[in-house]
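Asks: Below are the chains, spelled out letter by letter.
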Amino acid sequence: MIEWIHPGLIFIFGTLLIPVLRGKWKKAYLLLLPIAALIDLILMSKGVFGAIPLSVWHIRFSEYVLTFGRVDELSLVFGYIFVIAAFCMTLYALHVKEDGHHIAAFLYVGSTLGVVFAGDLFSLYLFVEIMAWASLFLIWYRKTRASSEAGFRYIMVHIFGGVCMLAGIILYVQNTGSIAFNAFDWGFGWSHLASYFMLTGFLVNAAAFPLHAWLADAYPEATVAGTVFLSAFTTKSAIYMLLRGFPGVEILIWLGAITAVYGIIFALLANDTRRLLAYALISQGGYMMAGVGMVSGTLLAADGAIAHAVCCILYMGLLFMAAGAVLEMTGRSKLTELGGLYKRMPATFWLYMVGAFSIAGMPLFSGFISKTMIIESAATMHLPVVWLMLEGASIGAFLIAGLKLPYLTWFGKKEPVVEAREPPWNMLAAMGITAFLCVFIGVYPQALYGILPYSVEYAPYAVGHVVAMSQLLLFTFLGFWLLRGMLHATPTITLDTDWFYRIAGKKFIWFCEKPLLDFADSIDKVLKDIANSFVWFSRNPTAASRIMVLTIGAVIARPFNPTYMRYERDLEELRRMYPNESVHRVAIGTGVLLVLMFFTLYLIIYLTHGVLWV
Amino acid sequence: MEQEKYLFSIFYVCVAMSILAGVLVHVFIPSHAAFIWQEIPGFSAIYGFVGCILIIVLSKAVGHQWLQKEEGYYEKH
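As given, the protein sequences belong to chains A and B, one line each in that order.
According to our numbering, the first sequence holds residues 1 to 614 in order.
According to our numbering, the second sequence holds residues 615 to 691 in order.
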């Protein structure tokens, strides 16, 4: 009887066969793994491995017990959506030739599932680290200079986040003696230092302002399929970790609301389509963080954050798939170099628009049934500013992802600016399935609400909600149409908080290489001069001291004695005669002999008198 | 051009319908507004329009004045 099968390990050990298989078999195998994981999850939810919540796979690790399988309703929801997303994304990436790309993607998915089912802090940390390193290769497989540099910055930031987490874990274990991953104490003061470190580590992964810049920096530089994978797992698993570790922490409400608005502003300034979407992704993460923060006031916020994470994985994936398809087929991703593609890629356009309507939260699309839960929570908790910020970010999401990007990519110019055609069948099919899921959740929200852990009653299609959201989006379109002249893209980049480590970091390295090294060199030189003078002196100490005495004498005698020239002459003579090389050269064997004699002497003293100089 | 006009006529119908629906909701469904501004009929429409324009103008201003740089910025500095 098998106690339990870890769905993450299906992906992680499943990678072993990828290099062995060829052609159609490999493609079938790649699609089979997510399906196997999904079946595993369904079996889990049906109680095959025991009644839920269950906690299995306890493994001893020094004096602690690791728990790899904590299964409850919260981890199951995330498990489902990660596996479903993995299927769609693998289908999208099916044409990718490099085995390494598939292996990196599956290690990434598998470790994310490891995070979701981790019941203790050590295994959580282990899987978070695997996630960071596996995802790095999805960036590096682009094989451009920009991607290699962005990848380095990406992993540096994640190492920082990982070290913060590790510090938090060590402090936590030190304080409590437990490694269980549950809600951490929250409050102000030194006694909560462990929580602060841990939260910082989580927020790096969640791409919260001001720790978000790695996402907009690295995701657009990843491979076409890599970005699609990246969009789903790191940030959403961080939302899961926040829900477990810091539910109802008030600072998250404000961080989330600020991140939501901040992402929108920067998305509007972006020229690269996938950077625009990356900022939209950051903004959407803000909603979920705010939701996690509002758990203290209403459980609707918790369900809202989870539902929004589910929907966001689907529609963000779809948006990145469609933008990636344009990049794959045209080789271009800058809005200034795109336009008029509707004549060539209409199917991609309409599939993109499903994602765009979903992110905007249009009724009948997935974003509507989840985003409004979080906004409604803000109303329930009477947080007017947060409500206005989140509602404003909805306007912005529609404006950037629903209007600006598609307008400048598929329209904006009369004729296509570049030759293009629809992407290959697997990309279209992946987009089709994802789009279907977006609409399905939109029109049949019960499918999603049914698996939410807190089972809060919420009616998204109340007339008031529908009318308000329709008005909001229709008038956003009106504003866009009036000001569309201002929205033309410019060939620029936008400075973000990564400036601090990109420019300041460069300055720091310059400081180390120039002033600091010069200073070190000057000290070096002084010490060498001193050493050299000793060497000079020891060549012939008698003559050397005579030269020194005469030099001083010459200086003193000069004003009083008209015959001081005599000194100078003597000095010249002495200096000329002074040996420049060492007087006696000995063979190397002599040196060795002297060393040996010294050691022998030391040994004798050591043996007869015990340790010397103690 | 014809198609654009056609699409815009649909858009205007939608706008009119949403306004009408908003008024109806306001009249017939008892309000449980959490914030004072939700009492204003058509607040969402106003917020959508004003918000959209504010986002565009503000972010463009911030971008042009401060944050947007030429593409080789990081290589140069």
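Don't take each hint at face value.
Derived contacts from chain B toward chain A, CB cut-off under 8 Å, selection only [what the hints assert, rightly or not]:
| no. | residue |
| --- | --- |
| 1 | 675 |
| 2 | 677 |
| 3 | 690 |
| 4 | 691 |
Reference listing, derived: stretches of chain A covered by chain B, where coverage requires no fewer than 3 residues with Cβ under 8 Å from a Cβ of chain B [what the hints assert, rightly or not]:
| no. | region |
| --- | --- |
| 5 | 43–55 |
| 6 | 96–110 |
| 7 | 373–384 |
| 8 | 475–489 |
| 9 | 511–523 |
Everything labelled a hint here was simulated from the structure, so no lab data went into it.
The beta-carbon is built from N, C-alpha and C at its ideal position, and this holds for glycine as well.
Asks: A separate judgement is required for each hint: does it hold in the structure or not?
Replies: Now for the hints, and whether the structure bears them out:
1. Violation of the interface hint for residue 675 of chain B is found here, the shortest Cβ-Cβ separation to chain A being roughly 10 Å, above the 8 Å cut-off.
2. With a cut of 8 Å, the hint placing residue 677 of chain B at the interface with chain A holds, because the nearest CB-to-CB distance is about 4 Å.
3. With a least beta-carbon distance of about 10 Å to chain A, the hint placing residue 690 of chain B at the interface is violated under the 8 Å criterion.
4. Hint on residue 691 of chain B holds. Least Cβ distance to chain A is approximately 6 Å, under the 8 Å limit.
5. For the region 43–55 of chain A, the proposed coverage by chain B is not satisfied: 0 residues have a C-beta within less than 8 Å of a C-beta in that chain, short of the threshold of three.
6. Check result for the region 96–110 of chain A against chain B: violated, 0 residues qualifying (beta carbon to beta carbon below 8 Å, three or more required).
7. Beta-carbon proximity to chain B at under 8 Å applies to 4 residues in the region 373–384 of chain A; the threshold of 3 is reached and the given coverage holds.
8. For the region 475–489 of chain A, the stated coverage by chain B is satisfied: 10 residues place a CB nearer than 8 Å to a CB of that chain, which reaches the threshold of 3.
9. Remark: the region 511–523 of chain A is not confirmed as covered by chain B, as 0 of its residues place a Cβ nearer than 8 Å to a Cβ of that chain, below the required three.
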